[in-house]
Amino acid sequence: MKKRYKIISILLIVVLCAAMSIGCAKSDPAPAPAPADSGSSEAAAPAEPAGDLSDIRVGFVASGMLGDKSFNDNVWSGLQKAEAEFGITIKALESNETADWDSNLVAMAEEGYDLIVTPSQLTETLTRIAGDYPDVKFAIIDAEVDAPNVASLIFAQNEGSFLVGAAAAIFTTAPDIEGVNPENTIGFIGGMDIPVIHDFLKGYEQGAKYVDPDITVLVSYIGTFNDPIKGKEIAEAQYSQGVDITYNLGATAGIGVLEAMEESGKFAIGGDVDEDSKYPGHVLISELKRTDVAAYEMAKAVVEGTFKGGLVAMNLENGGMGTTDMSVMKAALGDKFPEEIITTLADLRTKIMNKEIVVDHEEGFTV
Amino acid sequence: MDIFSNIFSYSIIHATIRMATPILLASIAVIITQKAGVLNVGIEGIMTMGAFTAIVVSSQTGSWLAAVLAAIAVGVFVACIISVAHLKFKADVFAVGMTINIFAISLSIFLLNSMFGIRGSFRPEDLAPLPKLTIPFLQSNEVLNSIFNNYGLLEIGAIVMVFGLRFFLNRTSGGLRLKSVGLNEMAAETAGIHIDRTKFMALVFSGVIGGLAGAHLSLGYANFFISSMVSGRGFMGIAAMFFSGGNPVISWLACLLFGFIDSTGSRLQAYGVPSEFVMMLPYITTIVVLSVSMWLRKRKSLLLASSVKTTGTHQLEDQKG
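So the protein sequences, as listed, match chains A and B. Just so you know, the numbering used here puts 354 at position 264 of the first sequence, and the rest follows in order with no gaps. Just so you know, the numbering used here puts 244 at position 104 of the second sequence, and the rest follows in order with no gaps.
Misleading hints may appear alongside valid ones.
What the hints assert, rightly or not - Under the rule of at most 20 Å between Cα atoms (straight-line distance), these lysine to any residue pairs were calculated in the SDA-like manner:
| hint | chain 1 | residue 1 | chain 2 | residue 2 |
| --- | --- | --- | --- | --- |
| 1 | A | Lys299 | B | Tyr411 |
| 2 | A | Lys181 | B | Asn253 |
| 3 | A | Lys368 | B | Val413 |
| 4 | A | Lys368 | B | Glu416 |
| 5 | A | Lys368 | B | Arg263 |
| 6 | A | Lys292 | B | Leu267 |
| 7 | A | Lys368 | B | Ile333 |
| 8 | A | Lys181 | B | Val413 |
| 9 | B | Lys272 | A | Ser354 |
| 10 | B | Lys272 | A | Gly355 |
| 11 | A | Lys368 | B | Lys230 |
| 12 | A | Lys368 | B | Ile221 |
| 13 | B | Lys438 | B | Ile390 |
| 14 | A | Lys181 | A | Glu201 |
| 15 | A | Lys292 | B | Ser199 |
| 16 | A | Lys398 | A | Val383 |
| 17 | B | Lys272 | A | Lys292 |
| 18 | A | Lys292 | B | Ile390 |
| 19 | A | Lys292 | B | Val413 |
Honestly, the hints are just simulated from the structure, not real lab data. It should be emphasised that the depicted structure is a prediction, and the values quoted were computed from it without experimental measurement.
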């Protein structure tokens with residue numbers, strides 16, 4: 091009997107280890123087809139890399155899983171671009187378990203990666219360990235860590251959100267579009283109630299109120315970036331409360347938001363990545379947070395030896411932030427599409443870049 | 141007043157039932173095993189595998205019925221693994237269950253990647269979802285339509301199962317035998333009941349319901365799959381089971397309570413109630429509900445102990461609780 095116990099416990103351990111190794115499995119660096127738009131200038135003229143760059147290793151510690159079609163995938167695609175272009179080695183450590191993130195970051199640093207890209211959820215860990223690994227370079231997105239080997243990438247998501255907020259405010263009053271109700275209410279759905287999401291919210295509200303001071307913005311948080319069913323429920327709730335267009339910042343959980351949108355025949359705004367064509371005719375516009383550009387630039391800086399610690403601004407002006415051009419929605423709606431949105435947005439964009447409009451930001455999210 | 145009616149509008153009724161269903165199915169699955177004296181914590185893993193199988197089969201065959209049957213088959217298979225480990229090799233059921241839960245998540249990620257080359261979410265285009273039940277003449281009225289129409293097959297099915305299970309447990313010899321195993325194994329064995337076989341059947345049945353619960357998640361509630369889709373709904377089901385002391389109907393009410401709190405929370409948030417507070421609500425409810433039920437049961441057992449001097453079955457039931 092005792093022996094059986096032993097066997098079964100050994101088996102369990104094996105299964106557990108197998109499960110863990112699958113969970114943390116190396117994301118196969120499927121040779122990413124170099125994006126066609128990757129600036130043929132750079133691709134065509136390879137900087138004659140001095141020897142093999144494949145021993146330059148760049149890691150990404152994700153606070154979630156790849157495949158979220160949002161933040162994580164975006165960072166990863168930037169690194170894939172760098173991989174294709176420079177022949178460096180890239181690797182992602184993913185986990186849905188908050189407890190794993192710390193150890194994943196430490197493991198990569200311990201391994202001596204040249205560059206490690208992390209999201210803001212790991213700020214505290216990075217602050218603690220950055221000094222212990224002076225030879226490892228870190229790039230943290232959306233947070234500031236004060237260490238010579240850490241580049242803090244600060245995105246002006248408030249600027250992008252300002253634009254889509256203005257777009258939503260115009261859209262919610264558009265006549266003759268099926269699904270747009272007369273109520274002057276728009277929604278905002280954040281994954282978690284954390285500072286970076288507040289930065290989005292501030293810009294969004296300001297943008298909406300810039301267009302229409304009387305607008306109501308309903309704000310909800312899903313509470314997690316990983317539970318799309320909860321996301322769907324939150325969105326259903328908003329749509330039943332007079333919201334006809336909501337800003338989806340739920341990452342993986344946002345998949346549920348978009349499904350609720352389609353089922354109830356309402357509208358949404360994509361967050362961080364281009365979601366326009368995912369549900370044509372339902373997603374008005376997407377705010378683009380070019381974490382791919384940021385990750386790529388960081389990897390490039392490491393390859394070229396120009397990496398510097400400190401704050402790096404990513405905003406409308408330098409292409410770190412942007413929005414989609416709404417062509418998908420325009421094609422779907424035809425004549426009913428309110429042209430006013432496009433002209434207003436172009437105008438606002440220039441005003442923000444000229445600093446005529448100063449967009450509010452959450453404390454700590456400015457350079 | 142306007143805000144109040146916006147929060148507690150009629151749409152909350154449907155939302156409550158919708159959110160309660162996955163928890164209820166999980167709860168039904170664990171009630172059966174609990175009655176046989178096995179706490180099936182592997183229910184989350186069974187649901188994850190069920191959800192994965194259902195969406196894959198549905199997208200490949202275009203038949204929701206085939207998908208549901210496949211999900212049941214896989215649910216039973218996973219339950220068999222638990223049974224063999226627990227009943228044959230006497231492994232601790234808690235350890236086995238937790239392993240299954242972690243393993244199922246990882247396995248689904250692995251399979252998704254190796255079969256379809258997909259990472260993260262799986263949302264096939266040609267999907268055959270579970271049918272929704274609609275009563276045509278109610279569609280014209282917005283309120284009645286929201287309250288009575290568009291229920292998924294399993295949202296209704298789960299309620300039927302609640303009463304089916306109640307009948308089975310209280311009115312059939314099989315159900316009574318099952319309960320006797322959970323109450324006092326030795327007495328049941330003396331009475332000629334095959335203990336392990338009964339537990340095995342309970343686990344298999346739990347696999348069937350767990351598979352259905354999974355299919356409901358990926359083909360009914362939502363039409364996509366991600367590995368973290370179950371997200372503690374199985375554990376909520378276990379909490380509902382403990383709350384009810386294994387009574388299917390009370391467990392159903394507990395699930396509705398969870399669903400109601402959750403959907404109220406979703407609606408409250410939009411009106412400036414701090415999200416931290418709203419997100420605490422389901423957990424606070426769980427703790428309060430469990431504490432109250434434990435207190436009630438303790439009081440009941442004290443009353444019994446004072447009236448019945450001998451060690452009756454009631455006390456045993458309490459210990460098993």
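Subject >> Hint check against the structure, violated hint numbers in rising order >> reply: 3, 4, 6, 7, 8, 11, 12, 15, 17 and 18
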